[in-house]
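Participant: Each chain is listed here by its residues.
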Amino acid sequence: MQITIENLCKFFGKVKAVDNLNLDIADKEFVAFLGPSGCGKTTTLLMIAGIYKPTSGYIRFGDRVVNHLLPKERNIGMVFQSYALYPHMTVFDNIAYPLTLKKVNRKEKKQRVQRVADMMGIGELLDRKPGELSGGQQQRVAVARALVKEPAILLFDEPLSNLDAKLRLRMRGEIKRLQEDLSVTSIYVTHDQVEAMTMANRIAVMNHGILQTYGTPNQLYEYPDTLFVAGFIGSPPMNFLKIDLEQEGDGLYLVRRELKIRLPEEIAAQVKPSVVPSQVIMGIRPEDVHIVPANEGDFDAEIYVVEPLGREDLVSFRLGEEEFRALTPAPFKGGVGTIMGLNLTKEKIRLFDPDTGNSVLKSNK
Amino acid sequence: MSIRRMWRAGLAYIVLLIPTLFLLLGYAWLVIASFSSRTEGLKPVGWTLNNWRFLWESPFGSGYSNIWPVTMNTLVMSLVMTAIVVAVASLAAYPLSRMKFAGRKGFLSLTLVLHAFPSVTLLIPIYFVLLWIQRIPVIGHEIPLIGGFGYNTLGGVALVMVAFQLPFGIWVMKGFFDNISWDMERSAMIDGASRLKIWWQILMPNIKPGIAALSIFSFLTAWNAYIIPVTFTIGRTGQSSVLSLYLQNFISESVMTEWNAVAAVGLFQLIPVLLFFLFTQESLLSIYGGGKKGGV
Numbered sequence: 001m002q003i004t005i006e007n008l009c010k011f012f013g014k015v016k017a018v019d020n021l022n023l024d025i026a027d028k029e030f031v032a033f034l035g036p037s038g039c040g041k042t043t044t045l046l047m048i049a050g051i052y053k054p055t056s057g058y059i060r061f062g063d064r065v066v067n068h069l070l071p072k073e074r075n076i077g078m079v080f081q082s083y084a085l086y087p088h089m090t091v092f093d094n095i096a097y098p099l100t101l102k103k104v105n106r107k108e109k110k111q112r113v114q115r116v117a118d119m120m121g122i123g124e125l126l127d128r129k130p131g132e133l134s135g136g137q138q139q140r141v142a143v144a145r146a147l148v149k150e151p152a153i154l155l156f157d158e159p160l161s162n163l164d165a166k167l168r169l170r171m172r173g174e175i176k177r178l179q180e181d182l183s184v185t186s187i188y189v190t191h192d193q194v195e196a197m198t199m200a201n202r203i204a205v206m207n208h209g210i211l212q213t214y215g216t217p218n219q220l221y222e223y224p225d226t227l228f229v230a231g232f233i234g235s236p237p238m239n240f241l242k243i244d245l246e247q248e249g250d251g252l253y254l255v256r257r258e259l260k261i262r263l264p265e266e267i268a269a270q271v272k273p274s275v276v277p278s279q280v281i282m283g284i285r286p287e288d289v290h291i292v293p294a295n296e297g298d299f300d301a302e303i304y305v306v307e308p309l310g311r312e313d314l315v316s317f318r319l320g321e322e323e324f325r326a327l328t329p330a331p332f333k334g335g336v337g338t339i340m341g342l343n344l345t346k347e348k349i350r351l352f353d354p355d356t357g358n359s360v361l362k363s364n365k
Numbered sequence: 001m002s003i004r005r006m007w008r009a010g011l012a013y014i015v016l017l018i019p020t021l022f023l024l025l026g027y028a029w030l031v032i033a034s035f036s037s038r039t040e041g042l043k044p045v046g047w048t049l050n051n052w053r054f055l056w057e058s059p060f061g062s063g064y065s066n067i068w069p070v071t072m073n074t075l076v077m078s079l080v081m082t083a084i085v086v087a088v089a090s091l092a093a094y095p096l097s098r099m100k101f102a103g104r105k106g107f108l109s110l111t112l113v114l115h116a117f118p119s120v121t122l123l124i125p126i127y128f129v130l131l132w133i134q135r136i137p138v139i140g141h142e143i144p145l146i147g148g149f150g151y152n153t154l155g156g157v158a159l160v161m162v163a164f165q166l167p168f169g170i171w172v173m174k175g176f177f178d179n180i181s182w183d184m185e186r187s188a189m190i191d192g193a194s195r196l197k198i199w200w201q202i203l204m205p206n207i208k209p210g211i212a213a214l215s216i217f218s219f220l221t222a223w224n225a226y227i228i229p230v231t232f233t234i235g236r237t238g239q240s241s242v243l244s245l246y247l248q249n250f251i252s253e254s255v256m257t258e259w260n261a262v263a264a265v266g267l268f269q270l271i272p273v274l275l276f277f278l279f280t281q282e283s284l285l286s287i288y289g290g291g292k293k294g295g296v
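So the protein lines, in turn, are chains A and B.
Just so you know, our numbering puts 318 at position 318 of the first sequence, and the rest follows in order with no gaps.
Just so you know, our numbering puts 48 at position 48 of the second sequence, and the rest follows in order with no gaps.
For the record, the hints were derived by calculation from the structure and aren't laboratory data.
Every value quoted in this text rests on a predicted model; they were computed, and no experiment measured them.
All C-beta atoms in this analysis are idealised placements derived from N, C-alpha and C, irrespective of residue type, glycine included.
Be aware that a few hints might be false.
With beta-carbon atoms standing in for the labels, derived distance ranges [claimed, not checked]:
| # | chain 1 | residue 1 | chain 2 | residue 2 | range |
| --- | --- | --- | --- | --- | --- |
| 1 | B | 282 | A | 28 | 44 to 54 angstroms |
| 2 | B | 280 | A | 105 | 37 to 47 angstroms |
| 3 | A | 135 | B | 279 | 27 to 37 angstroms |
| 4 | A | 132 | B | 196 | 25 to 35 angstroms |
| 5 | B | 106 | A | 13 | 54 to 64 angstroms |
| 6 | A | 323 | B | 106 | 53 to 63 angstroms |
| 7 | A | 150 | B | 106 | 44 to 54 angstroms |
| 8 | A | 11 | B | 103 | 54 to 64 angstroms |
With the hints as constraints, model all of the structure from the sequences given.
Facilitator: Printed below as a string of structure tokens:
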């Protein structure tokens, strides 16, 4: 089922929760809504589910406007963060509830419940009450209940945030596989950028009710449209440095007290001419910063702290007021306070307007 | 356990014990007095079963009713009142807890005001209302068991007490509905349930402790009620007499009050209350015990 969202707005009193959202989700696509809490992602999901009524704008399933449809008329399945199981019913009755309401006959109901329960690996637990299950099992029951009516759209509202890290990793893979196997159009709300990156075909990043960007995980990672997206996606986050962008001869240079970097041709060609010269924010990911002996890199900096991550070490430097991080193969030898040189992979430099936060590179998605 | 901790626990017990002791003394007197012909303080003078005579004969002669129909009356009135309070309060509390509509806040504050309203001041207008209801055929005075909903009927008395109990009931139930997660209700909506089905199939089973608590409070209020039954029935000898009025038979101006018999009847009235508590204290406690694991 294709979903189209047009100029969607939602007000709670005077508070604008969702601001003029435009989005389209292709049939069978897995889309993640990503953003910090209070960014409007869950509100959007609940409008798609039919729980909230949009203040203005349209939601279409296929060609049909569904604004006025009740949740039960939308043929959707939803998994909640709190699982939202019915504690007084057995697992069987929980999963069967949508079918019971549809008055599906007993034999068919039993078959269908057993089938999804087996698929979710909870076929043995049907007689139990939700209170007797672990968090992971409860989550599986919730997914089974969403699947049993064979919905056209699956909605997930932070379904993994109540699970421990190990289980979360496993369920992440299972849900992704399930979505691919069933080919159901799915929307997945999360504040965890790793979940969004690993699971979704496309990610819609939201902040303060406004859609920041919408693209594939790779596009968002490589060519973030805004400072917010650049900082939100990727862990450890991208380094940002206030720097002057200047023209010298036929080259563009990034200039700051301690450093001067010539932008490579391919990046320089993308810079919008109107911003030269001005102060910009340079962004570069920690994996594109390489530690070399002092005086051999683009600039020197003093080590502030070293954080071993196992496979790699995260080394933080201080540059005036700002922090600058580099990922380097473990084990890293170099104590706190040592001066080291830093070499940047200059093709990976991204530039942002400090006032608007927008990228000053012409999009090359 | 360290000595300090033991000392602390002991202190708590001592603090609790002192007021409890005074209460227990009262009950002890009640029990002792009901089995003796006279008491000097807590000391019985002559054991006797005479005070419990009311169980098998009418102590005031044939013109007065026996205690058993009176007990039945009290039970019927209390159950009718409880049933109506629980049904109406839970139906009213659901929209007040879950839906947005004009006048919601006003309604809530109004019920709070009603709760605080001294019921005695309303007795006279209610008397006229009940007289008016009595003139309605069938509903007024011809329903079997409860008599009807008019003046001098069990149903009428129950109805008045329902009105006084409802504000409290609505607030209690609203509190319980407020505690159920929205997600559970949203989930049921997506599963295809109507509002009424959500109320009945999803929410009501999950607020059983609330229903139990409200039932118990309502039942006890009705069981012990005095002023409303005495005002809206034709008194202690009538067909619609209840236990609290029956007790009044023992206290009269012309004869010496038999306090020991009063104690026995009082104890008799207390028995169902004790039983009720015994069987429901678990659900009463679960109100305070917090949710079960995974109880959402």
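Participant: For every hint, state whether the structure bears it out.
Facilitator: Right, here's what the structure says about each hint:
Separation of residue 282 of chain B from residue 28 of chain A is about 51 angstroms and conforms to the stated range, judged on CB atoms against 44 to 54 angstroms. Remark: the range hint 37 to 47 angstroms for residue 280 of chain B to residue 105 of chain A is upheld by a beta-carbon distance near 39 angstroms. Remark: the range hint 27 to 37 angstroms for residue 135 of chain A to residue 279 of chain B is upheld by a beta-carbon distance near 34 angstroms. Between residue 132 of chain A and residue 196 of chain B the CB atoms are about 29 angstroms apart, so this pair conforms to the stated range of 25 to 35 angstroms.
As the Cβ distance of residue 106 of chain B to residue 13 of chain A is approximately 18 angstroms, the hint placing it in 54 to 64 angstroms is violated. A hinted range of 53 to 63 angstroms for the beta carbons of residue 323 of chain A and residue 106 of chain B is consistent with their spacing of about 55 angstroms. Under the hint 44 to 54 angstroms, the C-beta atoms of residue 150 of chain A and residue 106 of chain B, about 45 angstroms apart, fit the expected range. Taking the beta carbon of each, residue 11 of chain A and residue 103 of chain B are about 22 angstroms apart, not inside 54 to 64 angstroms as hinted.
Violated hints for the displayed structure, listed by number in ascending order: 5 and 8.
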